[in-house]
Structure formats: C-alpha cells, structure tokens
Amino acid sequence: MSEKLQVGDLAGRPLPASKGLLAGYCAMAAATCVAVLAGGTQRTGVALGLLAVAAFVIAVRVTAPVALASGAMGWLFYSGFITGRHGDLAWHGAADVARLGILLGAALCGFALCWADRHRAAAAARLGDRLREAVSLQDRRDSAA
Numbered sequence: 048m049s050e051k052l053q054v055g056d057l058a059g060r061p062l063p064a065s066k067g068l069l070a071g072y073c074a075m076a077a078a079t080c081v082a083v084l085a086g087g088t089q090r091t092g093v094a095l096g097l098l099a100v101a102a103f104v105i106a107v108r109v110t111a112p113v114a115l116a117s118g119a120m121g122w123l124f125y126s127g128f129i130t131g132r133h134g135d136l137a138w139h140g141a142a143d144v145a146r147l148g149i150l151l152g153a154a155l156c157g158f159a160l161c162w163a164d165r166h167r168a169a170a171a172a173r174l175g176d177r178l179r180e181a182v183s184l185q186d187r188r189d190s191a192a
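Everything in the sequence shown is counted per this note's numbering, starting at 48 for the first residue and increasing by one.
The reader is advised that the hints may include incorrect statements.
Claimed, not checked - Label pairs and their computed distance ranges (CB to CB):
| no. | residue 1 | residue 2 | range |
| --- | --- | --- | --- |
| 1 | His166 | Ser190 | 56 to 64 Å |
| 2 | Gly131 | Cys73 | 15 to 23 Å |
| 3 | Ala64 | Val182 | 38 to 46 Å |
Simulated from the structure, these hints should not be mistaken for laboratory data. It should be emphasised that the depicted structure is a prediction, and the values quoted were computed from it without experimental measurement. No residue lacks a Cβ here, since even glycine has one placed at the ideal position from N, Cα and C.
Start from the sequences, fold in the hints, and give me the full structure.
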C-alpha cells in the first residue's frame, strides 16, 4: 500500500548551515544561468520568478537564517547578472527593495511551510501516543471488570 508523500517527508532535518549556504549558492547560480539562457535579461520578471522558486525550494531544507541568506544571494545574482548583466552590482532604489522583498518572501514561505509541516507531524505523533494510552487504559478497565 503506497502512502501519500508529505512536505515533511521530503524535507527531513534541516541541512547544516555550511551545506545549506552552499546549496543556496549553487541553486541561485544555476537559476541565474537558466534565466539568462532563457532570455531573462529581456524578461526580468521571469528571471525573478525563477530565482524566487529556487529560494523557495532551498528554504524547505534549511534553517531560517540560511533561507534568508539564500534569498539575499538570489538578489545579488539578480542584480549582478540580470539587471547588471556583467556582474556589476548596482542599487536601483525602490525596485530593488521590491525584488529583495520578493526573494526573501519566497524563502520565508518555503521555510514556514516546512516548519509548519514538521510541527504538524510532531503534534500528530503526540496525539497518536495519547490515543494509544487512552485505548490501553480502557482495555485494562474492561479486563478488570
């Protein structure tokens, strides 16, 4: 009998910070390469979406600070290679605040989803333990009567 996979089944324990940062860097670099090859310098919204998806995916496997750092790395890649095109970082005011907010928001959403699923699984396990205790207590009462 096959069981339905849950987010917590895929996430497991968070990666250590060093591995999480390396994974975040690699994911952002790969997403940037894909975005540039797909014409992201002309369609910057699509490129930002690809980086947001990468930030979300990485955030499911890391701690909150590493998720935020990965989102910030995504903004650095975006600013340097999508809008800067030659690795030149530049500040574009409110537009960059919005882009950074999108990437950090995607990272926080991924982390929050995984955190909630981990805590849901733990709560379900505690509830199952309580139900087993209640059933065994009732069985003992029935056998004593």
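Query raised in the report: When you take the CB atoms of Gly131 and Cys73, is the distance between them in 15 to 23 Å?
Result: holds (20 Å)
Query raised in the report: Is the gap between the beta carbons of His166 and Ser190 within 56 to 64 Å?
Result: violated (36 Å)
Requested in this report: For Ala64 and Val182, compare the CB-CB distance with the range 38 to 46 Å and indicate the outcome.
Outcome: Once the Cβ atoms are compared, 42 Å apart, the range 38 to 46 Å for Val182 and Ala64 holds.
Figure legend: structure checked against the earlier numbered hints; the only hint not met is number 1.
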